[in-house]
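The task is simple: from the sequences and hints, build the whole structure.
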Amino acid sequence: MMPLALDILLACILLLVFVVDLLLPAEDKRGIAVVACAGALITLAASFVLDVQGTAFGGAFVNDAVALYLKRVFLAAGALGVLIGMDHADRFFPRRQGEYHLLVLSSLLGMTLLASARELIFIVVSFELMSMPLYVLAAMRKSERSAEAALKLYLVGAVSSVVTLYGLSLLFAAAGTTMLSGVTAAAKAGNPMVVPGLVITLAGLGFKIGVVPFHMWVPDTYEGAPTPFVAFLSVAPKAAGFAALIRIFIEALPGQKATWAPAVIVMCVITMVVGNVLAIPQTSVKRLLAYSGIGQMGTMLLGIGLVTPDGLGMLLFYLVAYLFTNMGAFAVASVIEDASGSDHLDAFKGLSRRNPGLAMAMLLFLLSLGGIPFVAGFWAKVGVFVAAYRAGYVWIVVLGAVLAVVSVFYYMRVARSIYMERPVAGTEGRVPMALSMKAAVTVACVGVVGVGLYPAPFVETALAAARALMG
Amino acid sequence: MLNTGLFLVLSAVLFCIGAVGVVTRRNAIVAFMSIEIMFNAANLAFLAFARQHVDMTGHAAAFFVMAVAAAEAAVGLAIIIAVFRRKATVNLDELRELRG
Chain A
1 MMPLALDILL
11 ACILLLVFVV
21 DLLLPAEDKR
31 GIAVVACAGA
41 LITLAASFVL
51 DVQGTAFGGA
61 FVNDAVALYL
71 KRVFLAAGAL
81 GVLIGMDHAD
91 RFFPRRQGEY
101 HLLVLSSLLG
111 MTLLASAREL
121 IFIVVSFELM
131 SMPLYVLAAM
141 RKSERSAEAA
151 LKLYLVGAVS
161 SVVTLYGLSL
171 LFAAAGTTML
181 SGVTAAAKAG
191 NPMVVPGLVI
201 TLAGLGFKIG
211 VVPFHMWVPD
221 TYEGAPTPFV
231 AFLSVAPKAA
241 GFAALIRIFI
251 EALPGQKATW
261 APAVIVMCVI
271 TMVVGNVLAI
281 PQTSVKRLLA
291 YSGIGQMGTM
301 LLGIGLVTPD
311 GLGMLLFYLV
321 AYLFTNMGAF
331 AVASVIEDAS
341 GSDHLDAFKG
351 LSRRNPGLAM
361 AMLLFLLSLG
371 GIPFVAGFWA
381 KVGVFVAAYR
391 AGYVWIVVLG
401 AVLAVVSVFY
411 YMRVARSIYM
421 ERPVAGTEGR
431 VPMALSMKAA
441 VTVACVGVVG
451 VGLYPAPFVE
461 TALAAARALM
471 G
Chain B
1001 MLNTGLFLVL
1011 SAVLFCIGAV
1021 GVVTRRNAIV
1031 AFMSIEIMFN
1041 AANLAFLAFA
1051 RQHVDMTGHA
1061 AAFFVMAVAA
1071 AEAAVGLAII
1081 IAVFRRKATV
1091 NLDELRELRG
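These protein sequence lines are chains A and B, in that order. Using our numbering, you'd call the opening residue of the first sequence number 1 and step up by one each time. Using our numbering, you'd call the opening residue of the second sequence number 1001 and step up by one each time.
Please keep in mind that the hints were generated in silico from the structure rather than gathered at the bench. Ideal placement from N, C-alpha and C gives every residue a C-beta, glycine not left out. There are no misleading hints in this set.
Selected chain A positions facing chain B (in silico; Cβ < 8 Å): (1) Ile-121; (2) Glu-128; (3) Glu-148; (4) Ser-169; (5) Ala-173; (6) Gly-224.
Simulated crosslink set (EDC-like; lysine to aspartate or glutamate; CA at most 20 Å straight-line): (7) A:Lys-188 x A:Glu-251; (8) A:Lys-142 x A:Asp-90; (9) A:Lys-349 x A:Glu-428; (10) A:Lys-349 x A:Glu-421; (11) A:Lys-142 x B:Glu-1094; (12) B:Lys-1087 x A:Glu-144; (13) B:Lys-1087 x B:Glu-1097; (14) A:Lys-142 x B:Glu-1097; (15) A:Lys-142 x A:Glu-99.
Right, dumping it as structure tokens:
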């Protein structure tokens, strides 16, 4: 009945955070994170309570099953991201922590709008609303590394935006209208501008989700930016990039799949190989997670490249598993980095003796990233590869299995440091951990185990959404 | 009346100049200017096609793109200033704090 309700609610919460930030005294602004986190959770709850299905603005905005599913993923990632950043922001930039949470929420608003956008200008504007806060967030720490990370993220992000924009202008040329339905019609009529338009758009969005050969910014940005922000950056904007890919390619241009699907498959295979191979020699846990994340993006991209309801559904499910797993892993990395000032593997040595609970949580996340049975990541990987097998890509399944073994090797190197080695001298004590961080890691653990033990409801919702979109 | 092809060629040339600039120039300000050129190339393409189709949404798109480019410029310049304050350089090759 009210298709825009969720987005309007989120925008109101954003304004509320802005006002509360002005009212709170400069010395203690911790309340702001509670408001932001609660706001994201309320919006998430509202998505289950309110009837928000339907279209608005003459079809430019649509809340179908896929949009709603993606919005829930974004909102969960946003709430968890705020929770992970709560203590870090209060310690390292206490006076500006209101800005931090405000920017996370505005990026989140861009994502929820992007999931529903079915019109070119709408896509561009919501894409930018999502991206621009991220550049600022990367620069929040007053350090050389943070500023450098922000500059690299900005340059790549801006190029990505402008390339996407150029591609969309060609799609507009073909359609003569900015509605994606018009693009579909032009593609059916065989307009020659559609193919260059979709190729350039694909390259632009490829930058955003960090697939090879557009991946160089990922490890540098992850290493330098504030770690709790990286937890958010590594999941939510990537999922939003997939949202744009789903809208433009799977929904509007399924008839052209002979043109773009092979390109996506090639990108995804190269990304899987490069990400997993380059992760092997890394000694910084954040860089290791960055390269492994590139590999995971490759696997997820398979869900787009298959162009089957199964593939798309399993991509949607993968996003949920990846959300809890990757945000959890970066949350633990953030705890260690804030305590020891380093994210080197050495800083993780002997974590099992210093803080058994945290070590257990990290092991769980690593197992899930590696796709070991009965945690969330296992079902996600199996699902995508089963979909690939059904679509006839047996060689990709074999390659994926080999790369999964490679990934277990480097994930277990981190686990070995945690469990088999003694703490480095001077870091023997218990790792200090704020209450909010404990809560965040617990939520991520519950998510990983819960989705691992009861994947059925998530898989069914994801598959139903994908089938509704692809008919 | 000029035909759309000429505008399109100009826009493609501008876009390529910008793309080459981003890839080859090592000064962050020059890379940033190159991105602005690319934004304007995309804008020109939108306007040329809007004129061809006699469609006002294309013209509206150009205004949105201008607003987006302005916001992008504000954020970009702020980040470049933040880098310059800490490193006293904006040369991308001298930013070596992060490996890669």
